[in-house]
Amino acid sequence: MNSMVNKLALGTLLVCAAAQGAPLKKEKPSMTPALDHYTRHLLLGDLWQRPGLSPRDRSIVTLSVLVAKNQNHELPFYLKRALDSGVKPGEIAELIVHLAFYSGWANATAADAAARAVFSERKIDVARLPPARPAPLPLDEKAEAARARGVEENFGKVAPGVVQYTTEALFRDLWLRPGLAPRDRSLVTVSALVANGQVAQVTYHLNRAMDNGLTEQQASEALTQLAFYAGWPNVFSAMPVFKDVFAKRKE
Amino acid sequence: MNSMVNKLALGTLLVCAAAQGAPLKKEKPSMTPALDHYTRHLLLGDLWQRPGLSPRDRSIVTLSVLVAKNQNHELPFYLKRALDSGVKPGEIAELIVHLAFYSGWANATAADAAARAVFSERKIDVARLPPARPAPLPLDEKAEAARARGVEENFGKVAPGVVQYTTEALFRDLWLRPGLAPRDRSLVTVSALVANGQVAQVTYHLNRAMDNGLTEQQASEALTQLAFYAGWPNVFSAMPVFKDVFAKRKE
Amino acid sequence: MNSMVNKLALGTLLVCAAAQGAPLKKEKPSMTPALDHYTRHLLLGDLWQRPGLSPRDRSIVTLSVLVAKNQNHELPFYLKRALDSGVKPGEIAELIVHLAFYSGWANATAADAAARAVFSERKIDVARLPPARPAPLPLDEKAEAARARGVEENFGKVAPGVVQYTTEALFRDLWLRPGLAPRDRSLVTVSALVANGQVAQVTYHLNRAMDNGLTEQQASEALTQLAFYAGWPNVFSAMPVFKDVFAKRKE
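So the protein lines, in turn, are chains A, B and C.
Under our numbering, think of the first position of the first sequence as 1, with each following residue one higher.
Under our numbering, think of the first position of the second sequence as 1001, with each following residue one higher.
Under our numbering, think of the first position of the third sequence as 2001, with each following residue one higher.
Excised from the complex, chain A in its bound form (with noise of 0.2 Å):
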């Protein structure tokens, strides 16, 4: 199959990825010679090159991706190369945990499984990974209380629990957990968000991500890198509410 390979640009590739200490290349090309071809060339070797978003934050919409469609057999290979673009052991360990919530609890048990394996292999100390109860980041009170009372009288009524833990668990816990930046959430929840369809969830997510720090340009080529592992009808579903958001904030 490497004889198919342009030797040419196969060269530059190595040259890029040794300059980024990313891994060179998966472990085991594919079967298909399209499908390796489209996978050095066009994944690795082109997109993960364009500037606009960095390879530490193209790994962490990667990640989110397969956490949040539970595509666990790439989940080594990513996470290697996630470690090697700069995202700490800690940040993966919080990814993981924020996926939990926003993607449904078994993606994140699995995930933790095959990073479990992966930091073992890399002689990664889980005992300094974040603890359970570190002491949280300051909380914007005035915004989580009108947040939280917009949520409380649409459903307050009709899902109590819901309403209850959305506050407990996910606003004045999960988000102020210092282990990963509130930026790097966001762009976790939104690529999560676009990886399962979630359209009518991402005006506030996207919003939020902005808030927080996320860029046009980056958020833009956030798209770029969920069209190739969330897939092209996904993006194309997210970019009308992607574009309306962007119009909307610079009214």
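You may find that some hints are simply not true.
[Stated by the list, open to error] Chain C side only, calculated, beta carbon under 8 Å to chain B, not exhaustive:
1. L2223
2. F2228
3. F2236
FYI, nobody ran anything at the bench for these hints, they're computed from the structure.
Ideal Cβ positions, reconstructed from N, Cα and C, are used throughout, including at glycine.
Please arrange chains B and C on chain A, whose structure you already have, making use of the hints.
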């Protein structure tokens, strides 16, 4: 990791769990202290102990999510928990068959294999599972005729095959199988719809669920259970539909 | 379990299956008599024998669902069935590459591994699979320019990267690969969209499919196949869109 667990809280959990005959804890703790902490205290120790929905119903909701989302790695734990919570082996078998139709055939075949392993471990005699063709429950011919007429008028020319199987395989066969009560089939169906973000189908099936005996309080509390197992975004997309159904039924 | 199978019906199935060279039965029967019964009689013995859609097309629809939903445990059985129904190994390879773009990269890498194992068992020479960069099919430059212009106007500023790859990687590359006919690529795409509940993208791709030669009867019968493999709710959400597309094309 255990050293990080609040000893008092764990003690309380052990007492609650023992009182219910529920499994005490996950066999394998998570690598991540936070995920482990939330699983023990927020989910098993708090969510599962809430009133408003029995542990048996919570097991039905949770199994439905795991099967409908093909999250088989958590099935062994939650299948055992379901058995310990009073879900009968035959009801589990029917839940799986039901979700073959309502979430895609391959989800059911995977769950079937997981259940076989658990039943074998528990020495449950699979020869006593519900037969392929049991004597059916009585059918409300008038209501079924009205349903069939509506679907025929709407889609009879678009997809006659779908319309035919909807009548013959679903409403005159699957739903009449006596091994799982219609109310429980509805709880399975609604849980799967929420878990897969299929809000367009929730109105019909939530109404059917409530016609079949699911109370508003149980439906509301099912959303709370679903928040953790299907993920927050799916529940936030479903809540407006639940709200609307609850309101319209009171008019 | 076999003792519960209606002997006469099984006999008929065996004759039908043998006549088509199709695999006679699932290697491993389900634990659940009902699931086993429905699989043998309702699916393999009835659905797959319906006119309106060839066994080859049914295999394409079914494989598309399994890949797009990452249900790899059923791939060995249905890959063999596809080969036995006349889907060529190179077409299967192209289906997998196509769904890398249309359902997310990791679904394709998992399916690639499953196909490799089946091809090896069947002694299929993977060196004869379609090359990475074949001579492309001819392009309708005018239609493609119109498509590109529409997408550029709509999303060129929102996500220039997505717009660029949509043109370069999808419509000027992937869709022109000769190893899978455009009509079959469309059937793969539409099946994946329905399987993942992405109804917002169905209008464009169903029209494209019918422009590429898929008949209304085939599209309708594909919905019937999808009901069982993608689950009823996805098909009920897609039927209004199919109905609308069918109607508009007759105006």
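Verification of the hints:
no., hint, in the structure
1, L2223, "holds, 4 Å"
2, F2228, "holds, 5 Å"
3, F2236, "holds, 6 Å"
Hint compliance for this structure: every hint is met.
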